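Asks: Between the sequences and the hints, there should be enough to build the whole structure, so can you do that?
Numbering (the UniProt record's numbering), first residue to last: 1 to 102.
Read the hints as simulated data drawn from the structure, not as lab findings. Everything numeric in this text was worked out from a predicted model, so none of it was measured. Worth double-checking, as some hints may not be accurate.
[Unchecked claim] Restricting the straight-line Cα-Cα distance to at most 35 angstroms, the calculated cross-link-like pairs of lysine-lysine (DSBU-like) are: (1) Lys44 - Lys71; (2) Lys81 - Lys71; (3) Lys48 - Lys81; (4) Lys81 - Lys44; (5) Lys71 - Lys48.
[Unchecked claim] Ranges of calculated distance between the beta carbons of each label pair, as one might list FRET restraints: (6) Arg25 - Leu56: 47 to 53 angstroms; (7) Ser82 - Glu27: 39 to 45 angstroms; (8) Asp85 - Glu38: 33 to 39 angstroms; (9) Ser66 - Leu91: 33 to 39 angstroms; (10) Lys52 - Thr19: 52 to 58 angstroms; (11) Lys81 - Pro39: 33 to 39 angstroms; (12) Thr19 - Leu83: 49 to 55 angstroms; (13) Val50 - Gln94: 47 to 53 angstroms; (14) Ala68 - Glu22: 56 to 62 angstroms; (15) Leu56 - Asn93: 47 to 53 angstroms; (16) Ala47 - Gln74: 15 to 21 angstroms; (17) Tyr60 - Trp18: 27 to 33 angstroms; (18) Tyr60 - Leu83: 17 to 23 angstroms.
Here a beta-carbon is modelled for each residue, glycine too, at the ideal position from N, C-alpha and C.
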Amino acid sequence: MSIAELLNPADESGYSIWTSEEIFRTEDDDQDDDNNGEPPPPPKPTAKEVFKAISLINNYIESDTSVAADKLNQSMETYSKSLLDISSQLLDNQPSHHSSSC
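Replies: Structure follows, in structure tokens:
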């Protein structure tokens with residue numbers, strides 16, 4: 001016990017001592033307030049789903065010769081390549097599951 005606690009007991013100081021249950025209840029109430037009854041956001045699409053979407057868009061605009069379609073196609077191609085690079089890096093960093101036999 002500190003000197004400050006001896007000189008100023010909890011009931012006389014401006015501070016209150018909370019029980020674990022009170023702290024938990026307050027935290028739980030705060031989390032309920034944060035949710036506001038809104039559903040959670042939809043899950044992030046997988047890389048495979050993104051590739052399918054890019055392919056679908058490319059098929060749609062392949063006959064379009066406008067500047068906007070060309071820019072969109074180039075952007076999606078660049079993004080696809082970066083997504084492939086990231087995916088291959090993730091695969092390269094996974095531990096191998098090969099068992100060695102003696």
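Asks: Against each hint, give a clear statement of whether it holds in the structure.
Replies: Hints and how they fare:
Taking the CA atoms of Lys44 and Lys71, the gap is about 25 angstroms. The hint holds against a cut of 35 angstroms. Restraint check: the Cα-Cα separation between Lys81 and Lys71 comes to about 15 angstroms, which is no more than 35 angstroms; the hinted pair holds. A hinted pair counts as satisfied when its Cα atoms are at most 35 angstroms apart, and Lys48 with Lys81 qualifies at roughly 13 angstroms. Proximity of Lys81 to Lys44 is assessed by CA-CA distance (about 19 angstroms); at most 35 angstroms being required, the pair is judged to hold.
Simply put, Lys71 and Lys48 have alpha-carbon atoms about 23 angstroms apart, close enough for the 35 angstroms limit, and the pair holds. In this structure the hint that Arg25 and Leu56 lie 47 to 53 angstroms apart at CB holds, the actual value being about 50 angstroms. For Ser82 and Glu27, the hinted distance range of 39 to 45 angstroms is satisfied, since their beta carbons lie about 40 angstroms from each other. A beta carbon spacing of about 35 angstroms between Asp85 and Glu38 agrees with the range 33 to 39 angstroms that was offered as a hint.
About 37 angstroms separates the C-beta atoms of Ser66 and Leu91, a value consistent with the hinted range of 33 to 39 angstroms. A C-beta distance of roughly 53 angstroms is found between Lys52 and Thr19, which places it inside the suggested range of 52 to 58 angstroms. The hinted range of 33 to 39 angstroms is satisfied by Lys81 and Pro39, whose Cβ atoms lie roughly 34 angstroms apart. Hint check: Thr19 to Leu83, Cβ distance near 51 angstroms, so the stated range 49 to 55 angstroms holds.
The beta-carbon spacing between Val50 and Gln94, approximately 20 angstroms, falls outside the hinted interval of 47 to 53 angstroms. One distance hint, 56 to 62 angstroms for the beta-carbon pair Ala68 and Glu22, holds here, with the actual separation near 59 angstroms. Evaluation of the 47 to 53 angstroms hint for Leu56 and Asn93 yields a failure: the beta carbon distance comes to about 30 angstroms. A C-beta distance of roughly 20 angstroms is found between Ala47 and Gln74, which places it inside the suggested range of 15 to 21 angstroms.
At about 60 angstroms, the beta-carbon gap between Tyr60 and Trp18 misses the expected band of 27 to 33 angstroms. Look at Tyr60 against Leu83: about 19 angstroms separates their beta carbons, and that is inside 17 to 23 angstroms.
Checked against the numbered hints above, the structure breaks hints 13, 15 and 17 and satisfies the rest.
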